[in-house]
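S.K.: As given, the protein sequences belong to chains A and B, one line each in that order.
Position one of the first sequence corresponds to residue 1 (our numbering), numbered consecutively onward.
Position one of the second sequence corresponds to residue 1 (our numbering), numbered consecutively onward.
In case anyone wonders, no lab produced these hints; they're calculated from the structure.
Heads up, some of the hints might be wrong.
Derived coverage of chain B by chain A (criterion: at least 3 residues anywhere in the stretch with Cβ under 8 Å from a Cβ of chain A; other residues may be distant) [claimed, not checked]:
#1 104-114
#2 299-308
Partner residues are not named here, just some residues of chain B that face chain A (Cβ under 8 Å, in silico) [said to hold, decoys possible]:
#3 243
#4 246
#5 311
#6 344
#7 400
#8 404
#9 408
#10 409
#11 411
#12 413
Quick caveat, the model's predicted, so the values are computed rather than measured.
Built from N, CA and C at the ideal position, the CB exists for glycine as well.
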Amino acid sequence: MMRIPCPHCGPRAQSEFIYERTLDSVVPLNAPSQEAMAKLFTRNNPRGVDDEIWRHTYGCRAWMVLTRHRVTNEISGCRAIGPEALP
Amino acid sequence: MSRYSAFSLLRGALTGHRHWQPAWRDPEPKSHYDIIIIGGGGHGLATAYYLAKVHGLKNIAVLEKGWIGGGNTGRNTTIVRSNYRLEPLHNLFEFGLKLWHGLSDELNYNVMFSPRGAMFLGHSDADMVKLAERGDAMRCDGIDADLLTRDQVAKIEPLLDMSRDARFPIQGGLIQRRGGTARHDAVAWGYARGADSLGVDIIQKCEVTGFVRDGDFVVGVETTRGRIGAGRVGICVAGNSGHVAGLAGLKLPIESQTLQAMVTEGVKPMINSVIMSQSLHCYISQSDKGGVVFGGDPDNWPSYAQRGNPMVMEGAVAQGLALVPALSRLRMVRTWSGVTDMSFDGAPIIGETPVRNLFLNGGWCYGGFKATPASGYTYAHTLATGKPHALNAPFALDRFERGATIDETGSGPMPNSR
């Protein structure tokens, strides 16, 4: 199990968190249909580091961006996001 | 290649079993192949076998970065069935199930296919309505499905907790009697031996590191054992689909996740069929060696790590124990996990890509093993002719932008909600 450094609560067990989607797959409100389609249905899915949106569902319930390596599970960053941070 | 038979076994026994030969060659890669298949799992090897057998092509290579059958082919729960509700899915899997029934004879290799029955459990009125609907859909296409009463389920599996106050009460079930299990490794080895004997080069420890392009066309691959030219290239790498397609600059409707499975110590027969619950997402069967094999949900976040999270394993074990309380007396001897290629509608992707001469077979989610023969057969058709087979045409990569998704669970474009 990973220990996720929540920006609000500090390090917490992964069982308190739920994965939502990758950061680059958030569809901007004014996106043209081609871009919206690509963001909805495709992923970079790298065998390496990616930025992911997780939610501290069973804690502070805030959304955050987790930068994580998908083979080693090493977490290199976790930052808070709000509406102003979304594209 | 010598044919395996009871007679050859007997003759070998008289000479101290010194007659055994390697079942496939270990060739050096040639400089050019008509068709290169990336990925030496069950699907890739089956594709090579049918390309040689059905389409008569000889100059074919299967490139495998590790050893054959070492990925998801060796990491699944060996369940074989075709009981899907949606037409394109059950037609593809039923084609495969028919091939399974003759596979040991076809390959002259015992894949230990055991049609012991694949049974879904129903835990509520709503479950039973859904199971009846699924069974009807299957029977409309001539696929066997029988709705079971509670008593019939109890008769097939006496160890299920059938009490009224069970954690997951059982109201009935839906059984596909022609479904069952097979020996996973034997499937890879049988197809490898068959393909090799028809002239296919199986090249292990050869990882593809890039594609050689000529404009819009792929004309070869860069590998850890040098550059190899190719007429057509077929990707068939399951959990690594996103990574390999990324080498060609493609972004796929696939997210890789981990799926775990586990097995108990070997005991006398206690589970007679394949028990599955889709309301819980739990599947239990007993191997011929006696171990009870079971699994549950995928770890619902992206991962290429071939190891799972205890938190998810605990959930799978809790479900298994609730259904079959006797399992609590068994020791778990081994757990493992594979990288599943979760697609965005839960259905596989087989067909051409935007890059010319580059084809894709992936997105099988956590249900690829049962499809091995059908996947290989139809993908071979696509690679040989450049056109879709009637059975894989609905599974084209561009179905997402056309709005023609094949969403069995109806859960939308979220791989982590399957």
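S.K.: Which hints, by number, does the structure contradict?
M.R.: 1, 8, 9, 10 and 11
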